[in-house]
Structure formats: structure tokens, C-alpha cells
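Fit chain B with the ligands to the given chain A structure using the hints.
Just so you know, the sequences run in chain order A and B.
The numbers in the first sequence follow my numbering, run straight up by one, and end at 444.
The numbers in the second sequence follow my numbering, run straight up by one, and end at 296.
Take the hints with a grain of salt, since some may be wrong.
[Unchecked claim] Computed far set for chain B versus chain A, every beta-carbon distance over 12 Å:
1) Pro117
2) Gly166
3) Gly181
4) Glu184
5) Gly189
6) Gln234
[Stated by the list, open to error] Each pair of labels, with its calculated beta carbon distance range:
7) A:Arg396 / B:His182: 30 to 36 Å
8) B:Gly75 / A:Phe67: 35 to 41 Å
9) B:Gln281 / A:Phe67: 30 to 36 Å
10) A:Gly320 / B:Gly75: 55 to 61 Å
[Said to hold, decoys possible] Examples of chain B residues lying across from chain A (beta carbon under 7 Å, computed):
11) Ala201
12) Thr239
13) Gly241
14) Gly276
FYI, nobody ran anything at the bench for these hints, they're computed from the structure.
We put the beta carbon where it would ideally sit given N, CA and C, even for glycine.
Below, each chain spelled out in residue letters.
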Amino acid sequence: MLTPVLSRNWGDADSFTLAGYARHRGYEALPKALAMEPDALIQLVKDSGLRGRGGAGFPTGMKWGFIPQGPDGQGAKPHYLVVNADESEPGTCKDTPFMMANPHALIEGVIIASYAIRAKKAFIYIRGEIVHVTRRLQHAVAEAYQAGHLGTDIHGSGFDLDIVVHAGAGAYICGEETALLDSLEGYRGQPRLRPPFPATHGLYASPTVVNNVESIASVPSIVLGGAQWFGAQGTEKSKGYTLYSLSGHVKRPGQYEGPLGLTLRQLLELGGGMREGHELKFWTPGGSSTPLLTAEHLDVPLDYEGVAAAGSMLGTKALQCFDETTCVVRCVLRWTEFYAHESCGKCTPCREGTYWMVQILQRMENGNATEEDLVTLLDTCDNIFGRSFCALGDGATSPIVSGVQLFRQEFMDHINGTGCPFDPVASTVFAGAHA
Amino acid sequence: MSGSDKITTDLGMPGTATVPAGVPPLTEQTRREAREIITRYPQPRSALLPMLHLVQSVQGYVSPDGISLCAEELGLTKAEVGAVATFYTQYRRRPAGEYHVGVCTNTLCAVLGGDEIFRQLKDHLGVGHNETTEDGTISLEHLECNAACDYAPVVMVNWEFYDDQTPASARDLVDKLRSGQPVAPTRGPDRQCTFKEMSRVLAGFPDDLATQGVQAGPATLAGLQLAQQRGETAPAYPDEEKS
Ligand SMILES: Cc1cc2nc3c(=O)[nH]c(=O)nc-3n(C[C@H](O)[C@H](O)[C@H](O)COP(=O)(O)O)c2cc1C
Ligand code: SF4
Ligand code: FES
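Chain A with its partners taken away, still in its complex shape (with noise of 0.2 Å):
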């Protein structure tokens, strides 16, 4: 159930080096890759059947395959590879501790794709709240360069390339792909208008790939492992295996690297269940703009068809688990807050709509809200849903509309009494010791 390909090397003290990393066949894609065609490259990883883990899951080969190539137009201008490290979304923790322990395996990763693309420079775009990573990224790319697998004419193949890691400031928006491309050229993080895409329109007007930390690190054992060993794991049309974060109310959280498809109730298995004497009652399969889950969909495959079927996203595989004396109103207010303080400000439907929804819940929280409240709520969500200009929006509806679809006496508890009945304390990890 538990195949570590990414995790495969975190358990030795110096993972995070270059001698660790090639321990375990690290830098032995490269080589493999470099003899290749560039385009043979891009059709390896469309028919390997990857797709994006940065939470929309678009077939990574086919995004390659866009980047306009040849001496006229577009395809002329320099192309960029920019990875996504601004991992942000609430719940989602898989990217910080892999660039943290395994650092090569993503610089590796960038090569291989850069090649393909054609792009001579490469961006990390480390979000910049996590310093000790982006110590290992500079350490890492370092060591990469020292190694000759770095710099001009990489291994004699003709190939150039620089790394640059970049760090953002702090702001969850900067993790929406044109909200980034906008940072990295030193703006305000907003959101691009699309069409064009940076397939074509990119960083400096230029053809971009941008992908997610996690689906470049995969690349490096597709080119070792192939097509056909890749989708050979996972489900038909999720292909290969992902890294799994359980966090919560459960025995032991963490990383849990396995084929895509697996469920909660596997998962929960793995991490000792939840915890003693507690059951599960919502969870989010992939960070707080899926919608939530309960125990009902505790068999639900954890691929990106399985989890849409069942009404909610596979996002980020980002497992938070509560247990039931875990307020779903409070959770669905602090949520919601989170949206409100990252909303950018440039369209009106989520810049006024996730505040007014602030408002609205904390009056349940406290017990001051009404029934129309509770319509008026809805109403807002109706409002920003497919009305935002970028998908933060629709995000924040998520919480609260699965919430009351989910659980509408407990809302209706908040509003009828005296506001929240349950205990905060119950619900810490500390509950019952001496804080």
C-alpha cells in the first residue's frame, strides 16, 4: 500500500545532500534524459499519464507540449520553467518537508523538464515563510552546479541551464499560478486575466510552464522507471503515486507516500486511526477550498474522479481529519477568515463577499445571528462562486457551503442558542494535560 518513491531516501541524515540523494540512483535520470530528444522527453511524460499535484490535476506532459517550440514567434522568445513552492493552501504540507529532506530530487526534476521545454533559466518559487527550506534549495542548487550538473554545456550535452530560488513575501495568492508569474516580476501577486495563458504569455510575456513542486520531482523517475512502471501504480485515469498528508485528530500524522487511489479509511489505518476514544466527523481530501468530507466517504478513492464524484476535489490530498468535539462552524468561520485576509482585492464578488461572510459567521459563532443570516450566507456564496476572477473565490465557498449541506442542525444549534456549544478545549491535542 505504501510505496515511498519521493520519501524513498528522507529516512537517512543526509537525504537533503547531493551524496545522499545519488545513493539512491539521484542524478541517474539525468543523463538518460539529456540522450533524448526533448519532444520524445515531453511524450514520455504524456504517456506516463502525470498529472499536476499542485491541486487541479492537468496532465503535466500535455502543459509541456503547449510551450510554443521552432525559430518564429512566440516559440522564439526565451522559454521559462518556473515551479510552484508557494505552498499555502490550508492543510497542505506535502512540499515544504520533501524540498526540506530531498531537495535534489526537485533540482533534478527542473533540469530534466527545462530540457524538455527548452527553457535555459528556471524559477523556484519558494514561498517565503519557510527559510530553512529555502537553506536547502540554495544548498542543493549549489552542490548541483559544483557537480557540472548546473551551468553551461550541462554534461557536454550542449544544454545550459540557471536555477534561480526566489522568495516570496507572504501571500497565499501568490500560489495561483498568474498571481505568481505577476510576483516574480516584482508586482503586487494579482491574478492575470486568461486567455492568454503562460503557456504562450508567461513571465516576461514568454512561454512558461509553471507545475507544482511535487509533479517535477516526479519526473526524474518516469525517466528511470518509464511509462509504463509509472502508470502502472494509481488508477486508470490517475495515474502513478502521490504523497498523502494526514494531519488532525489521528494517531500519527504525516507523510504517507502510496499509489493514487487509496482511501481515507486506509490512510486512517496507516496513521493508528483517530484518536483514542474520539471518531472522525469532517475531513477536507485536499485542503480547505475542497469541499468537506465526513465519515461516509471514508471509502471513497482518493483519485482526482473518485474524489469529484463524491462532491468535493482531490486538490492537494491534503487530509485534515477533526474529530467530534470539533465545532464545524468554528472551523468553517476560521476558514473563511483565511480567504478573507488573502483575498487580493481586484474583483468585487470576493473582495466584499468573503468579508460580509466573516461578519455573518462570527455573529453565529457568538450566537447573535438569525435565519435570514444563515440565507444571506448561502445567498454570498452563490454570489462569488463562478463570479470571481480567479479560483481563490470559489475556493472560499467551499467550506461553507459543504458545511451546511453537511451539518445544518449544527449551524441552526449556533443560531437558535447561545451561540457555540462546544468545548475548544476538548478539541486540543493538550486536552486533559497540564498546559
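Positioned in the frame of chain A, the structure of chain B with the ligands alone reads:
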């Protein structure tokens, strides 16, 4: 940033008279390093975010002088630089504590104890959200999810991880920071850096601490260790199958 017009200096060296007491001035070296950052990018303006981190590494916040320096080097107006600086939460608008203590109060951490930790730290330090203790050592803030939910509740000091906190461990942490006793992050270097030291790393000038600290914490390793116990592995690569 509206007051910055009053504090304009001549071109070149930012004036020392314009910075508050105790804040070191930007120097020729700052300017040289800013230019070095610019050379990393195909287009100069891309250097703006790291340049603002650089300014913070010298002065601890984005000062009017820092805004001027960035504007001059990039050929932008101060208003353009200010508009960017105010968009991002990591840039400080005024001098603040040497240690930036952030308690994650996004949903998962909040529920697992972050709210209680934040409440107790406010009481203990006598400051609120975004305020600094009188001795200038600690600025307190509540944070959004810091990508460490499997270590909840999480506290960050200058963006280093302090995992699996309790109110008592967090109080102890800030006490040590205030009294100058050594502390080290759970997943991070052997010592806690200051805000300015950390900002220099974000500006792209590495310190020598990358190889310090664990490669991975216990939660990171949970799945791998279980796989090893159970003898589970990924399918072998085709070239490994027979050996
Ligand atoms: C508000 C918002 C935040 C996002 N944050 C991230 C992020 O932190 N990391 C990431 O890889 N993708 C994030 N995405 C998705 C990216 O826009 C983009 O789809 C992704 O980086 C593409 O990479 P992939 O195809 O490899 O998944 C975010 C999207 C939105 C709307
Ligand atoms: S939906 Fe929100 S985050 Fe996205 S562009 Fe509109 S205001 Fe900005
Ligand atoms: S919710 Fe605190 S680190 Fe994710």
C-alpha cells in the same frame, strides 16, 4: 508609506538622519548587494522582492530609505515600490522585534491548540497581534497555515519551525528568547537566527546553516518508517527487477 516624501535623501547614500534611533543606515554595501540581486534576473524589476528582504536584513523593516534605494536602482517611483511592499505580509512597515513569533491559528492548528497558545502568549507577553514587547525582543502575530499541519499546533520564530507546541512550551520558548538563552527550532538550524539574519537568506544570500538540523521530523517520516516496518516498497524500476 505616505510620509516617505519628507524623508527623501539625495541620490546615492541614504541619509542617516532619517532612520529612527537604533536602526542602522543602508550602506554602499547594501547598494552593491542590491545590484548583485538584479543581475540574477532577465529583467531588473524581478529583483524587487529579494531587494526588500535585503533592506529588512539591514534595518529590520522596509524603511523610507529602503524604498528609495529600491526605486532608484530599479528606475521605479517610490509609490510603485511602496505599493508592492505593502501587498506582502512579510514586509514590516516599522521597526519591530528581533524575534518574530507567529502562532498558527488557521483552522487545524487553532482547533488542536493554536488558539489557546496564542491567547496565553498574549497574556504572558502583554502584547496583542502585531505588537512588540517593550524591550524590543519579540513581535507577536497570529499566522495562517504554515505548511506544517502534521506538526500542529505550530509556532514559527522568524519563519523557523517549532513543532507540536503546547501553551507551556510556547511560554518557555518566548521566555528564553527574551532572556537571551539559546533556543533551536525543531526542524531548522542548531540556533535561532534573528529577523535580520533570516531576511538575508530570503534575499538570496545563503548563510552556512543549510546542513544543520534534521533532514525530516517524525511526522514527515511516519509513512516511510511504516513502509520499512511492513516491508513495503515502490515497484522496482525495470532495470532493477532481476538483481
Ligand atoms: C488561490 C490559489 C492558490 C494556489 N496555490 C498553489 C500552491 O501553493 N502550489 C501549487 O503548486 N499550486 C497552487 N495553485 C495552483 C496553481 O495555480 C497551478 O495550477 C499549479 O501550480 C500548476 O501546477 P501543476 O500542474 O503541476 O499542478 C493555487 C491556485 C489557486 C487558485
Ligand atoms: S477571486 Fe479573490 S483572490 Fe482571486 S482575483 Fe478576485 S479578489 Fe483576487
Ligand atoms: S494549520 Fe497550522 S500549519 Fe497548517
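Here is how each hint holds up against the structure:
1. Pro117: The claim holds: B:Pro117 sits with its nearest Cβ about 18 Å from chain A, beyond 12 Å.
2. Gly166: violated (4 Å)
3. Gly181: holds (16 Å)
4. Glu184: It holds; B:Glu184 is separated from chain A by about 18 Å at its closest Cβ, greater than 12 Å.
5. Gly189: holds (21 Å)
6. Gln234: holds (21 Å)
7. A:Arg396 / B:His182: 30 to 36 Å: holds (32 Å)
8. B:Gly75 / A:Phe67: 35 to 41 Å: violated (51 Å)
9. B:Gln281 / A:Phe67: 30 to 36 Å: With Cβ atoms ~33 Å apart, the hint holds.
10. A:Gly320 / B:Gly75: 55 to 61 Å: holds (56 Å)
11. Ala201: OK, holds: B:Ala201 within 7 Å of chain A, min 6 Å.
12. Thr239: violated (10 Å)
13. Gly241: holds (4 Å)
14. Gly276: With a minimum Cβ separation of about 3 Å from chain A (threshold 7 Å), the hint on B:Gly276 holds.
Taken one by one, the earlier hints fail for this structure at numbers 2, 8, 12, listed in ascending order.
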